[in-house]
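Now for the letters of each chain:
Number of protein chains: 2
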Amino acid sequence: MSIWFTEKQTANFGITAKVNKTLAALQTDYQDLKMVETVEWGNMLLLDDMVMTTEKDEFVYHEMVAHVPLFTHPSPKHVLVVGGGDGGVIREVLRHPSVQKATLVDIDGEVIHYSKKYLPTIAGSLDDERVEVKVDDGFMFIANSEKAFDVILVDSTEPVGPAVNLFTQGFYAGIHKALKDDGIFVAQTDNPWFKADLIHQVFHDVKEIFPVTRLYTANIPTYPSGLWTFTIGSKIHDPLKVKQERFHEVDTKYYTPEIHFASFALPKFVKELTE
Amino acid sequence: MSIWFTEKQTANFGITAKVNKTLAALQTDYQDLKMVETVEWGNMLLLDDMVMTTEKDEFVYHEMVAHVPLFTHPSPKHVLVVGGGDGGVIREVLRHPSVQKATLVDIDGEVIHYSKKYLPTIAGSLDDERVEVKVDDGFMFIANSEKAFDVILVDSTEPVGPAVNLFTQGFYAGIHKALKDDGIFVAQTDNPWFKADLIHQVFHDVKEIFPVTRLYTANIPTYPSGLWTFTIGSKIHDPLKVKQERFHEVDTKYYTPEIHFASFALPKFVKELTE
Numbered sequence: 024m025s026i027w028f029t030e031k032q033t034a035n036f037g038i039t040a041k042v043n044k045t046l047a048a049l050q051t052d053y054q055d056l057k058m059v060e061t062v063e064w065g066n067m068l069l070l071d072d073m074v075m076t077t078e079k080d081e082f083v084y085h086e087m088v089a090h091v092p093l094f095t096h097p098s099p100k101h102v103l104v105v106g107g108g109d110g111g112v113i114r115e116v117l118r119h120p121s122v123q124k125a126t127l128v129d130i131d132g133e134v135i136h137y138s139k140k141y142l143p144t145i146a147g148s149l150d151d152e153r154v155e156v157k158v159d160d161g162f163m164f165i166a167n168s169e170k171a172f173d174v175i176l177v178d179s180t181e182p183v184g185p186a187v188n189l190f191t192q193g194f195y196a197g198i199h200k201a202l203k204d205d206g207i208f209v210a211q212t213d214n215p216w217f218k219a220d221l222i223h224q225v226f227h228d229v230k231e232i233f234p235v236t237r238l239y240t241a242n243i244p245t246y247p248s249g250l251w252t253f254t255i256g257s258k259i260h261d262p263l264k265v266k267q268e269r270f271h272e273v274d275t276k277y278y279t280p281e282i283h284f285a286s287f288a289l290p291k292f293v294k295e296l297t298e
Numbered sequence: 024m025s026i027w028f029t030e031k032q033t034a035n036f037g038i039t040a041k042v043n044k045t046l047a048a049l050q051t052d053y054q055d056l057k058m059v060e061t062v063e064w065g066n067m068l069l070l071d072d073m074v075m076t077t078e079k080d081e082f083v084y085h086e087m088v089a090h091v092p093l094f095t096h097p098s099p100k101h102v103l104v105v106g107g108g109d110g111g112v113i114r115e116v117l118r119h120p121s122v123q124k125a126t127l128v129d130i131d132g133e134v135i136h137y138s139k140k141y142l143p144t145i146a147g148s149l150d151d152e153r154v155e156v157k158v159d160d161g162f163m164f165i166a167n168s169e170k171a172f173d174v175i176l177v178d179s180t181e182p183v184g185p186a187v188n189l190f191t192q193g194f195y196a197g198i199h200k201a202l203k204d205d206g207i208f209v210a211q212t213d214n215p216w217f218k219a220d221l222i223h224q225v226f227h228d229v230k231e232i233f234p235v236t237r238l239y240t241a242n243i244p245t246y247p248s249g250l251w252t253f254t255i256g257s258k259i260h261d262p263l264k265v266k267q268e269r270f271h272e273v274d275t276k277y278y279t280p281e282i283h284f285a286s287f288a289l290p291k292f293v294k295e296l297t298e
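Heads up: the sequence lines are chains A and B, in that order. Residue numbering for the first sequence follows my numbering, starting at 24 and increasing by one per position. Residue numbering for the second sequence follows my numbering, starting at 24 and increasing by one per position.
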């Protein structure tokens with residue numbers, strides 16, 4: 024018997040992957056969680072039947088969420104990750120020697136638990152001594168923080184289920200308050216082929232609050248359309264004005280200083296969403 | 024009843040799309056040809072059960088095959104398209120006012136026939152008076168041409184079936200001979216997630232023949248991994264040295280002068296295939 028997992032990325036289109044076995048399947052307090060071993064992508068974390076991360080292509084998302092803002096900031100010391108219970112963003116954050124403390128706030132402790140168990144190359148960094156892990160509501164955590172962070176990275180699920188508050192202008196205003204005076208934040212903002220309206224809305228919501236607002240992209244094969252966007256809001260520092268001497272060596276498979284700048288060059292139909 | 028088409032992009036991974044109806048299904052002299060009406064992507068052309076083009080996302084591939092080399096060449100007059108029977112590349116080529124003649128050589132006349140019938144927004148330009156259509160073997164046509172073309176665009180299927188000869192060094196040598204002294208060619212060269220070896224091989228084969236050899240990418244959601252590569256071989260002109268004044272207005276949805284340059288910034292694991 025051959026078992027295939029299918030994610031309907033829209034009502035009429037999806038991806039399908041052959042599954043060796045199901046490692047975990049449960050309903051948490053917040054969402055449906057599955058961990059499956061696929062042939063093509065290695066172990067794969069699914070939340071509400073949407074692919075969150077896979078061992079084979081996770082590096083793209085995690086590198087691009089973390090390194091673009093962390094190289095844009097001249098010296099990030101305290102970094103907050105909202106969501107991201109799989110630990111991949113934290114792993115990349117810790118590659119920056121200036122970082123003294125990285126705080127992870129994920130609402131769902133089961134995501135952290137099962138990622139540590141079945142995605143050790145992704146979640147291993149959560150045990151680093153610079154990391155503080157909180158199982159808490161990211162929206163409320165942000166609302167209660169003030170000038171506390173150099174960089175905030177929003178590694179959320181889609182704007183359905185527990186993450187729905189993380190795509191509101193109230194949340195972005197909270198992030199602005201929680202950042203230091205030269206702080207930067209990045210949020211994953213889905214794909215322009217199926218979610219153009221969302222990107223347009225988030226970009227303009229962020230732009231009302233942050234002086235420097237930009238959109239960048241990366242190719243993630245297991246995410247809808249393969250073209251993912253990230254919205255960056257910054258109080259001062261511009262990701263397009265990072266000086267070459269700022270870039271230090273970092274062990275990556277996708278990100279390079281050249282990709283840093285090129286990722287802001289948007290296909291025309293995507294650029295139009297920011298206008 | 025709900026009908027879904029599934030393309031296995033690898034043995035263990037694929038895409039699946041809901042189909043309203045099958046418009047055509049036949050075995051041509053060279054391959055299995057299907058035209059289906061999908062809900063998500065509009066009409067879709069399948070050759071040997073692989074997605075060749077869809078009405079909704081075809082613009083990416085066709086713009087990026089054509090405009091990168093045609094803006095790199097200072098004044099392309101005669102352009103040859105090998106394969107590309109759906110007509111999309113020809114449509115983009117004709118947007119360049121310097122082009123006096125565009126020759127299409129596709130081995131399979133049925134592809135041209137059914138594209139004209141069911142993909143009129145893509146194939147319509149094949150009736151333009153500047154276009155010459157030949158149903159012929161592209162490999163032999165190239166072998167019999169000498170210093171005839173300013174730009175050659177290889178819009179082939181995958182390197183299985185009728186296109187297998189189009190991924191050989193003998194073919195690239197033929198292209199070199201068929202190009203004028205400052206000619207440029209581009210070939211689609213699949214994706215780096217599942218076909219890394221192919222990209223590495225083609226790039227180095229082309230590099231042995233052409234002084235300027237470069238790889239660039241574009242996001243095509245219905246192609247495997249969503250990240251497509253194109254290999255460009257040029258006798259003189261460098262796509263990275265196109266002057267701003269060379270770019271004229273062109274009606275596109277993906278390509279821009281900024282994307283022209285950014286598409287050559289390769290993710291690290293892709294760049295390594297060119298080294």
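Heads up, a few of these hints could be off.
Because identical chains cannot be distinguished in the list, a pair is counted as satisfied if it fits within a single copy or across any two copies.
For lysine-lysine, the following DSSO-like pairs were computed, each having C-alpha atoms within a straight-line distance of at most 30 Å [to be verified]:
| # | residue 1 | residue 2 |
| --- | --- | --- |
| 1 | K44 | K266 |
| 2 | K266 | K57 |
| 3 | K41 | K291 |
| 4 | K57 | K294 |
| 5 | K41 | K200 |
| 6 | K266 | K41 |
| 7 | K100 | K41 |
| 8 | K170 | K41 |
| 9 | K124 | K291 |
| 10 | K264 | K44 |
| 11 | K276 | K100 |
| 12 | K57 | K100 |
| 13 | K44 | K294 |
| 14 | K258 | K44 |
| 15 | K157 | K140 |
| 16 | K31 | K41 |
| 17 | K79 | K170 |
| 18 | K31 | K264 |
| 19 | K139 | K230 |
| 20 | K41 | K294 |
| 21 | K139 | K291 |
| 22 | K258 | K57 |
| 23 | K264 | K41 |
| 24 | K230 | K44 |
| 25 | K170 | K57 |
| 26 | K291 | K140 |
| 27 | K264 | K157 |
| 28 | K230 | K41 |
FYI, nobody ran anything at the bench for these hints, they're computed from the structure.
**Item:** Hint check against the structure, violated hint numbers in rising order
**Value:** 1, 2, 4, 5, 6, 7, 8, 10, 12, 13, 14, 17, 18, 19, 22, 23, 24, 25, 27 and 28
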